[in-house]
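Protein chains in written order, with this note's numbering: chain A, -9 to 244; chain F, -13 to 82.
In case anyone wonders, no lab produced these hints; they're calculated from the structure. All of these numbers come straight from a predicted model, not from anything done at the bench. Be aware that one or more of the hints could be misleading.
[Stated by the list, open to error] Facing chain A, from chain F, some residues (calculated, C-beta under 10 Å):
hint, residue
1, Leu32
2, Leu44
3, Thr46
4, Ala68
5, Pro69
6, Ala73
7, Phe74
From the three backbone atoms N, C-alpha and C, an ideal C-beta is built for every residue, glycine too.
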Amino acid sequence: MRQPLGAGVLGSASSVPVTTITPRHSALVRVTHWITTLCFIALLVTGAEIVISHPRFYWGETGNVLTTPLFKLPIPSSRALVPTGYGYVLPDQNGWSRYLHFQSAWVLVLTGLLYVISILFSGHLRKNLLPDKADRSWRAFSTSIVNHLRFKRPTEAEAWSYNLLQRLSYLFVIFVLFPLVIWTGLAMSPAFVSALPATVTLLGGQQSARTIHFFVSLALVIFLLVHVIMIFLAGFWSRMRAMITGHADHKERT
Amino acid sequence: MSNFSRRKLITTGVAAAAGVTGLGVAARLAQTYGLVPPDHGGIYGLGETLNYASQRLLTTHSLAREFSSSQISKPPLANEMAPPSDAFKRLQAGIR
């Protein structure tokens, strides 16, 4: 059982050694976090490699070099026959990239399932992710936004759980962005779609699925950037130690 | 991490044994039902096997996706195609 919020504050001020305090992050959260990190980086690199083989995006069912694109990325392609306006063809690394993209996707999906199922049962979702009863108001929401905009340092209570904006963004990533990126990814697979055609028709077609997949990935990259920036603002070493060992040493935070 | 208890040790042991046995049974079943792809080895073998097996299981009763005739695209070239060779062009011109 987690200790009440006051216990951490007392522990850091008195002579009680840090190791007796309940960890900030449980072992499951830490292990799934780093597996996800590794898989996400692999997916990002290989995804970029896959996208440059055809940096044009379409809407609907069909899309090829002869159809009008929805938009084009202003980059050269790794395929000589894709018209990009550049007289330069990037090296093609699609072979291993596609293998690694699917392999990391599998590991990420299985890790994500383990995480979601376990946080449902452990109470982590209820206690640390869903906003507290007191915080379920526009007032609390706007206060949290103002505090973030003023770069206010986290309070001791927040050091033991997640703050409101943090909770909302984590919930959005876990229950909206990741399901959407998995769905749109699967909707690009002819085999998957032949078994469940509605998964692609609901999105408006295979090319629409690809375009949405791109934008959801972009949203996840923005989350990653903000996440890393917030770690630096909150204290890189203390947060890093908390996510690796589970224990945040408050005395060393400057 | 010195607070090892007997209960923890037994639980971990039983869970590990069950996991290994489960994996073994799963591997045997996958072999029997032809769910293991030829390229199951190597560093990408895990992903390939999961792709192959899940697609075989999902598509046992499904056919290729169908499209209405209105969805046939006007430009005939569906994929990127290498520029036709001179021999191909001669043949193409001759047939016309």
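Now for the hints, and whether the structure bears them out:
Taken as an interface hint, Leu32(F) checks out: its beta carbon lies about 6 Å from the nearest beta carbon of chain A, inside 10 Å. Proximity of Leu44(F) to chain A holds as hinted, the smallest CB-CB distance being about 4 Å (cut-off 10 Å). The closest approach between the C-beta of Thr46(F) and any C-beta of chain A is roughly 9 Å, which is under the 10 Å cut-off, so the hint is satisfied. With its C-beta approaching chain A no nearer than about 7 Å, Ala68(F) sits inside the 10 Å limit, and its interface hint holds.
The interface hint given for Pro69(F) holds, since its Cβ lies 8 Å from the closest Cβ of chain A, which is under the 10 Å cut-off. Checking Ala73(F) against chain A: minimum C-beta separation of about 20 Å lies over 10 Å; hint violated. This hint is violated: Phe74(F) has a C-beta 16 Å from the nearest C-beta of chain A, more than the 10 Å allowed.
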